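Novice: In case you want the letters, here they are:
Number of protein chains: 2
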Amino acid sequence: MPVDTIRAMLSPLHVTFIAGTSGPWRIDRINAVIGESLAAADALTVIEGNDPAADAGTAWMLRGFTSNTRYTTRLETASLTARQQGLGRPASTRAALIPIRKSEAWWTLAQDERREIFEAQSKHIEIGQEYLPGIARRLHHCRDLGGDFDFLTWFEFAPGDDSAFEMLLERLRQSPEWNYVEREVDIRLTRA
Amino acid sequence: MPVDTIRAMLSPLHVTFIAGTSGPWRIDRINAVIGESLAAADALTVIEGNDPAADAGTAWMLRGFTSNTRYTTRLETASLTARQQGLGRPASTRAALIPIRKSEAWWTLAQDERREIFEAQSKHIEIGQEYLPGIARRLHHCRDLGGDFDFLTWFEFAPGDDSAFEMLLERLRQSPEWNYVEREVDIRLTRA
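Top to bottom, those sequences are chains A and B. All the letters of the first sequence, read from the start, carry residue numbers 1 to 192 under our numbering. All the letters of the second sequence, read from the start, carry residue numbers 1 to 192 under our numbering.
Just chain A, same shape as in the assembly (with noise of 0.2 Å):
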């Protein structure tokens, strides 16, 4: 199991993402897929473990925190850890980070209707493992620090594996999870 996976389930990481003038990671586009987009900025940064302050280049920044697995169950768990590598790999220059906001009709749900739409009719999981291991994610909730979005979804994956990507996020917003959906953001990235 990679390392920050290990460390993800032990601690909740706080993650700040930074856009602005300059950064190590290039803003190649940002795109609303559903609803209002985030300003045009040129870079991004990354930022792990501290609270980072605004400054004036800074054209938004979102905050998040990875936690313990909300829906995924032992067997589930078993089979991705297996499978997926983790962040900061050589070959991964692409990267997507898509922040999305969930409807309250989706947040008045019990945990096993949400389970229910989210794996057994969405298959979010079992779509998300096909990718694996040239799609590397990590999940960033932030619905509880109140804000725009409730979850930040980091991405990365070798250029050979873009139409791969394409294809990982057309099945997801085809599933029935997706209307639920009231805010997407896709915003795509290089490695300068």
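Read the hints as simulated data drawn from the structure, not as lab findings. For clarity, every value in this text was computed on a predicted model and none was experimentally measured. Accuracy of the hints is not assured; some may be wrong.
[Unchecked claim] Beta-carbon label-pair distances, calculated as ranges:
id	chain 1	residue 1	chain 2	residue 2	range
1	A	79	B	26	38 to 44 Å
2	B	70	A	148	19 to 25 Å
3	B	47	A	162	35 to 41 Å
[To be verified] Okay, the calculated bits of chain B under chain A, using three or more residues with CB under 8 Å as the criterion:
id	stretch
4	30 to 37
5	105 to 118
Glycine included, every Cβ here is placed at the ideal spot set by N, Cα and C.
Keeping the supplied structure of chain A fixed, place chain B upon it in accordance with the hints.
Specialist: Just chain B now, with coordinates in the frame of chain A:
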């Protein structure tokens, strides 16, 4: 359904518990149940919504947030919301604040394993429901904020329910779930 239950479901409410020299709740006693205690203090203030700062009189401060349910099924939710009442009932002059930290062994369990221990083995929801509507309860999460605890549970009840409350705690503390509790402090209060 009580208004504060609906509000808690619809959007996370940030809550800060401030122990100090004065406040609307008199602290009657602070007992360490498992692990280290908290410092003695005379009174407690509960602040909803914003993030107050400590002042010279502050003995300790604990922050958490209400959130969506993590284990409760639709059937259980329906049954709970039919019986439970909100905080702030005039007759509820007794309160308890019980901060808890669970072990790494708990947090590395998958969702289905935690649910199995929490309800199938320990009947956490079922036991709590037996004491409704007398003993009102609001759960605050704080593991994802860092700090020393994972949960802060706040209870309110009338003096006539004192012994029922002791029984509720005793039954939960004897359950298999409590094998995963590595710190628990029991703070008892009376409305000043």
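Novice: Now look at each hint and say whether the structure bears it out.
Specialist: Here is how each hint holds up against the structure:
{"no.": "1", "hint": "A:79 / B:26: 38 to 44 Å", "verdict": "violated, 53 Å"}
{"no.": "2", "hint": "B:70 / A:148: 19 to 25 Å", "verdict": "holds, 23 Å"}
{"no.": "3", "hint": "B:47 / A:162: 35 to 41 Å", "verdict": "violated, 49 Å"}
{"no.": "4", "hint": "30 to 37", "verdict": "violated (count 0)"}
{"no.": "5", "hint": "105 to 118", "verdict": "holds (count 8)"}
Consistency with the previously given hints fails for numbers 1, 3 and 4, ordered from lowest to highest.
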